[in-house]
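Top line first, the protein sequences correspond to chains W and P.
Quick note: the first sequence uses the UniProt record's numbering, first residue 1, plus one each step.
Quick note: the second sequence uses the UniProt record's numbering, first residue 1, plus one each step.
It is possible that part of the hints are untrue.
Computed Cβ-Cβ distance ranges for the label pairs, DEER-style [what the hints assert, rightly or not]:
1) 145(P) / 26(W): 34 to 40 Å
2) 267(P) / 143(W): 28 to 34 Å
3) 97(W) / 140(P): 18 to 24 Å
4) 97(W) / 266(P): 42 to 48 Å
5) 68(W) / 113(P): 54 to 60 Å
6) 194(P) / 76(W): 43 to 49 Å
7) 194(P) / 121(W): 22 to 28 Å
8) 332(P) / 148(W): 34 to 40 Å
Just so you know, the hints here were simulated from the structure itself, not pulled from any lab data.
Yeah, the Cβ is synthetic: ideal placement off N, Cα and C, and Gly gets one too.
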Amino acid sequence: MNDGSPANARKEPVLSATALRKAYGRVEALRGADFELFPGEILAVIGDNGAGKSSLIKCLSGASSPDSGEIYLDGKKVTFRSPQDAKDAGIETVYQTLAVAPALDIASNLYLGREIRKSGLLGSVLRHMDIARMRREAREHVNRLGIQTLQDITQPVETLSGGQRQAVAVARAAAFGSKVVILDEPTAALGVRESAQVAAIIKQLRDHGLPIVLISHDMPSVFELADRIHVQRLGRRAAVLSPQTHTMEDAVAIMTGARAA
Amino acid sequence: MTVEATDTGSGPPPEGAKAPTIGNRVQHVLHAHPSLGPLVVLVISAIIFDLINGRFFSAANLSIMLQEVAVIGLLALGQTVIILTAGIDLAVGAAMILAQMVMAGLALTSGWPVWLAIAGGLVVALVTGLVDGLLVTRFKVPPFIGTLGTLGVFTALGLLYANGQTLTPSAGNFLLWPGNLIKIGSFSLMTGVIVMLVLYLIVGYALGRTAWGKHVYAVGDDPEAARLVGINTARLLLSVYVLAGLIYGIAAWVQIGRVGDASTNISSTLNLDSITAAVIGGVSLFGGRGIVLGTLFGALIVQVFQNGLALAGVQDLYQQLAEGLLVIAAVAVDQWIRKVRT
Ligand SMILES: Nc1ncnc2c1ncn2[C@@H]1O[C@H](COP(=O)(O)OP(=O)(O)OP(=O)(O)O)[C@@H](O)[C@H]1O
Ligand SMILES: [Mg+2]
């Protein structure tokens, strides 16, 4: 199996997995999938619909647990029993389904599950939220990321467009990912300008040294952004390509099985 | 109705080419403030009933209405927290009756100190919530089915324990404390009403200001999304059912105080009344939407209709009809405001 560009050969992967298997009833979504993400890189994951991309990252983010196989973070074996476990380890994820609470406002969604509490007993015992501070910091954060489409931080998410909801999910992951950020089709519902904005955010995160996993069907942007490309096919990693040495036609041919890796 | 006149500007202004219609604006205001509708209904219906019968706003009548609303208001409060998680509790009444019989039985039959007997009843109520919560979280039984089952179980346990008796505490017994009346001029406020209002404040605070409350709304809104952001949804749901159980226990005490005795012979419509109050109060049966203040308005509306129609000399039948129509209207409004988009 191809293990990526030689530059990474000496580095230890931040996040890796070996021989992951996951079946949903009779459907085998993962059939021994391997995965490696190196420090500071943008790794694109591409593959046909149903190739097991989302199933793979759900195992890596604690959203589901693999039937077998191992996951390593910084070389140490980890078992994520819940999404919270992965979050505690610094892995932040934008799911294909977005995972936002529609009735809550943007600020509440950004801080959902990690609400800022008031200081003192009020905060520690009663979990009293510091709503003003959450709103202020949410606004600052959204501005810093340059997400202009989110204007009013107190707007309920259900009143937002699909693209704006995606922006909320991306902003949340960008805000709290400290080790790895995983994005499952973060631009699927976005217009040209908004997609460019998400691409800019991804680069911004990478420039801060965060490794990123980007699942996308958008080949041109994959080839523009990615340092390496993981091709998923039929529940396995079929190949790892480099945008420097491979063309989009190569990638598509391997993805669809027209050519062996 | 001039609902749009109360627009405080907090509803998001609809953007785009289309000018907002009045309907649009009402929809937005109700979406941002779902308890506004019930408040308007409450005020208008109260005024109409007073115009029909001048005794409606008399101190005596207001006192009685508040006394009547205390128990159902408490049950509806517990029910509301459960409905916010997209659940439902069909066993509220049964849990309350069981807790009530245990409280009175321990104090009057088993001779426990009264405070310990009350605590015992509260623990039993809490356990009923725990059972419902475990059914929903551990055994993945849909709340509707799980509480339908426990409705039968709790009812039977209550009847078995009571053994057909009506237990009547003697005057001055602490069991009757919630029934004490505080005279304010010709108006008499029942202690249990204050208990109810305090609990509304506490639960309202917890839902609106604490992380726990946010998580209640998030789980009711979209449980999978809540799980993915790292909320322990099972633990949260369990806490909700246990809290509701505890509130039903307090309702049991208030019930003993108000009526003056404990028997299993209590209105069988308590379950539905508590759901009715929440729904009329703008709490969405789909979960994630509504506030307890709305439920309080809802409980008051039901009471105002029952009392007002009775004062107007209308048959019971029409009270039921009115209540049914209110529920349908409330659900229709909920469906409508859930479609809101900017
Ligand atoms: N929760 C589930 N229950 C049942 N089957 C599932 C579930 N999740 C995924 N699958 C199945 O597993 C297979 C892989 O799905 P997955 O979502 O991982 O694909 P994907 O590569 O992300 O596809 P897409 O590009 O469409 O997002 C598919 O056949 C899918 O139907
Ligand atoms: Mg997918």
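Against the structure, the hints come out as follows:
1. 145(P) / 26(W): 34 to 40 Å: violated, 28 Å
2. 267(P) / 143(W): 28 to 34 Å: violated, 56 Å
3. 97(W) / 140(P): 18 to 24 Å: holds, 21 Å
4. 97(W) / 266(P): 42 to 48 Å: For residue 97(W) and residue 266(P) the Cβ distance comes to about 45 Å; the hint holds.
5. 68(W) / 113(P): 54 to 60 Å: holds, 59 Å
6. 194(P) / 76(W): 43 to 49 Å: violated, 57 Å
7. 194(P) / 121(W): 22 to 28 Å: About 26 Å separates the Cβ atoms of residue 194(P) and residue 121(W), which means 22 to 28 Å holds.
8. 332(P) / 148(W): 34 to 40 Å: holds, 38 Å
Checked against the numbered hints above, the structure breaks hints 1, 2 and 6 and satisfies the rest.
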